[in-house]
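Quick note: the sequence shown uses the working numbering, first residue 1, plus one each step.
A few of these clues could be false.
Here are the simulated SDA-like cross-link-like pairs (lysine to any residue), alpha carbons at most 20 Å apart as the crow flies [as the list claims (entries may be wrong)]:
1) 16 with 111
2) 6 with 111
3) 132 with 175
Computed spacing ranges between beta-carbons, pair by pair [unchecked claim]:
4) 107 with 148: 55 to 65 Å
5) 115 with 41: 14 to 24 Å
6) 138 with 87: 51 to 61 Å
7) 73 with 163: 52 to 62 Å
8) 174 with 102: 12 to 22 Å
9) 115 with 43: 18 to 28 Å
10) 123 with 61: 24 to 34 Å
11) 45 with 71: 20 to 30 Å
12) 125 with 170: 52 to 62 Å
13) 41 with 174: 29 to 39 Å
14) 48 with 155: 23 to 33 Å
Everything labelled a hint here was simulated from the structure, so no lab data went into it.
This structure is a prediction, so every number in the text was calculated from the model and none was measured.
By construction, the Cβ of each residue, glycine as well, lies at the ideal position given by its N, Cα and C atoms.
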Amino acid sequence: MKHILKGELTRSVKIKRSEFIAHLFCVESAEEVKRRVREVVREHKNASHNCWAYIVGADGEVCHCSDDGEPSGSAGKPMLGALSSRDLTNACVVVSRYFGGVKLGIPGLIEAYSAVVGDAVDEVGIEPLIHKVTYFLEMCYSKLDSLSHKLSSLGLELSELVYSQSVQGKVVVPESVEDEFLAVLAEMRVESS
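Modelling step: build the complete structure from the supplied sequences, incorporating the hints.
Structure (structure tokens):
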């Protein structure tokens, strides 16, 4: 089972006089990863290195990493390993390193990057990924209150309501209650897309 981060976090750690700043993000796509990486690189343009790793997709099928000038395999891969070892998806981490004058060597870099990311993930926490489906509904005004009440009993909420000749709205439904949700729509004769 895949997991996601409970939130986002920035934390700084000193290791042998170098400062490692981990920026941990929840992301939905590779495009969002690129935007987040650009933001961190812009903020930490004076860092010696801005290494990154990410995993996205329902099954964590898309992943990539970068050493950003550190010796090959000494930063990006250990960071990616720290994410994948926790079965994470939709997670991105950028670690900005400000060199403090003491060389860590490849084994030291691998250990440092892995630990910084692992500790950041442990601090923010993880939770199981629940697959959800978004439905767009259309109904007459007379059904709105009854439908809202029935959705509430399933732990669902009608949002982004638009009132015109009919009422349109959106519902995000976890797969675990999708069958019950569809039964409610059929019973009330509410259209969905």
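Status of each hint after checking the structure:
{"no.": "1", "hint": "16 with 111", "verdict": "holds (12 Å)"}
{"no.": "2", "hint": "6 with 111", "verdict": "violated (24 Å)"}
{"no.": "3", "hint": "132 with 175", "verdict": "holds (6 Å)"}
{"no.": "4", "hint": "107 with 148: 55 to 65 Å", "verdict": "holds (59 Å)"}
{"no.": "5", "hint": "115 with 41: 14 to 24 Å", "verdict": "holds (22 Å)"}
{"no.": "6", "hint": "138 with 87: 51 to 61 Å", "verdict": "violated (38 Å)"}
{"no.": "7", "hint": "73 with 163: 52 to 62 Å", "verdict": "holds (57 Å)"}
{"no.": "8", "hint": "174 with 102: 12 to 22 Å", "verdict": "violated (49 Å)"}
{"no.": "9", "hint": "115 with 43: 18 to 28 Å", "verdict": "holds (23 Å)"}
{"no.": "10", "hint": "123 with 61: 24 to 34 Å", "verdict": "holds (27 Å)"}
{"no.": "11", "hint": "45 with 71: 20 to 30 Å", "verdict": "holds (22 Å)"}
{"no.": "12", "hint": "125 with 170: 52 to 62 Å", "verdict": "violated (28 Å)"}
{"no.": "13", "hint": "41 with 174: 29 to 39 Å", "verdict": "holds (36 Å)"}
{"no.": "14", "hint": "48 with 155: 23 to 33 Å", "verdict": "violated (48 Å)"}
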